[in-house]
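Asks: Chains as they are written, first to last, in my numbering: chain A, 1 to 170; chain B, 1 to 170.
By construction, these hints were calculated from the structure, which means they are not laboratory data.
All C-beta atoms in this analysis are idealised placements derived from N, C-alpha and C, irrespective of residue type, glycine included.
Mixed in with the good hints there might be a few duds.
[Claimed, not checked] Derived contacts from chain B toward chain A, CB cut-off under 10 Å, selection only:
#: 1; residue: Thr32
#: 2; residue: Arg39
#: 3; residue: Gly41
#: 4; residue: Arg58
#: 5; residue: Ile59
#: 6; residue: Asp60
#: 7; residue: Gly92
#: 8; residue: Val97
#: 9; residue: Gly125
#: 10; residue: Thr135
Protein chains: 2
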Amino acid sequence: MKFLATTIMSFSLLTLALAQAGRTQVSSDNRTRTVEITRNGSQPSTRGPAENFTGSVRIDPLFSAQSPARAGGASVTFEPGARTAWHTHPPGQTLIVTAGSGYVQQWSGQIQEIRPGDVVRIPPGVKHWHGATATTAMTHIALQEQLNGRVVGWMAPVSDEQYQTPNVNQ
Amino acid sequence: MKFLATTIMSFSLLTLALAQAGRTQVSSDNRTRTVEITRNGSQPSTRGPAENFTGSVRIDPLFSAQSPARAGGASVTFEPGARTAWHTHPPGQTLIVTAGSGYVQQWSGQIQEIRPGDVVRIPPGVKHWHGATATTAMTHIALQEQLNGRVVGWMAPVSDEQYQTPNVNQ
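Pulled out of the complex, with its shape left as it was, chain A reads as follows (with noise of 0.2 Å):
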């Protein structure tokens, strides 16, 4: 059985590594040997699922995990009042803001003003949001690591209410 996981989780991956347009110079297998180049605006951009998001949400890919490394990585912007739903990562997950200014907040605390340059970490399994403020958009690198194979645990989404709340420490 974890032989056979492994072979689908192989398969999927040369797949996607064949996939993706783009790379100056492109692996024959997993297990490359060659540096690989990315070129920005070689990877479309999508848009964030109204399942999983409020408002308008950008993705730009930036890397996938590619084993043993487990860490993979994005480009997420949100427009003004734009968030996510309440989500968990398993292994938990890293933000570097890029532009702009937003929030986050985990279940039961404060709404925390994020701004470039700032680093947030969100622990294994903590309950939370991030987004634009309902006046700038914001962007953060996002990065997270599989752990079994899971990475996120989407939730319901943040209601206005939640989301307007005047208790925002800066």
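Chain A is already provided as a structure; the job is to place chain B on it using the hints.
Replies: Just chain B, lined up with the frame of chain A:
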């Protein structure tokens, strides 16, 4: 022995956590349940040491690996002409170029130019270097994971002859 190593590592991580300034909320143990924000400007810049770098290199720490996550990251700025020594990363490394333009080269490969938004994946164990061009600075975020406690293996400097090769692949 394994228990001893785990204990030492746990203690080291705790010491590191306690030593880090600039956090708005500090955990009382490694298994924190609190979102931590490390504010921009709260972590001192350091210099890339001469035994591992040629020229002027500034390292701005972003975040350190915190179990169960294995990845840590820093922003690294190379002044014109500056570069790493040849080195390897046991589980590989990912570079996200954020400013300027620079070079990356693996052993016996061509020098390749890299620009903002490019993502460079260094496979595990591949001997390589990265740095600025001769005339422009370059900044990248460097992300790497620990594998059996090892992050990097340093080798010989990149000689001027190696650096000044006209064999650049743009």
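Asks: Check each numbered hint against the structure and report the violated ones by number, ascending.
Replies: 4, 5, 10
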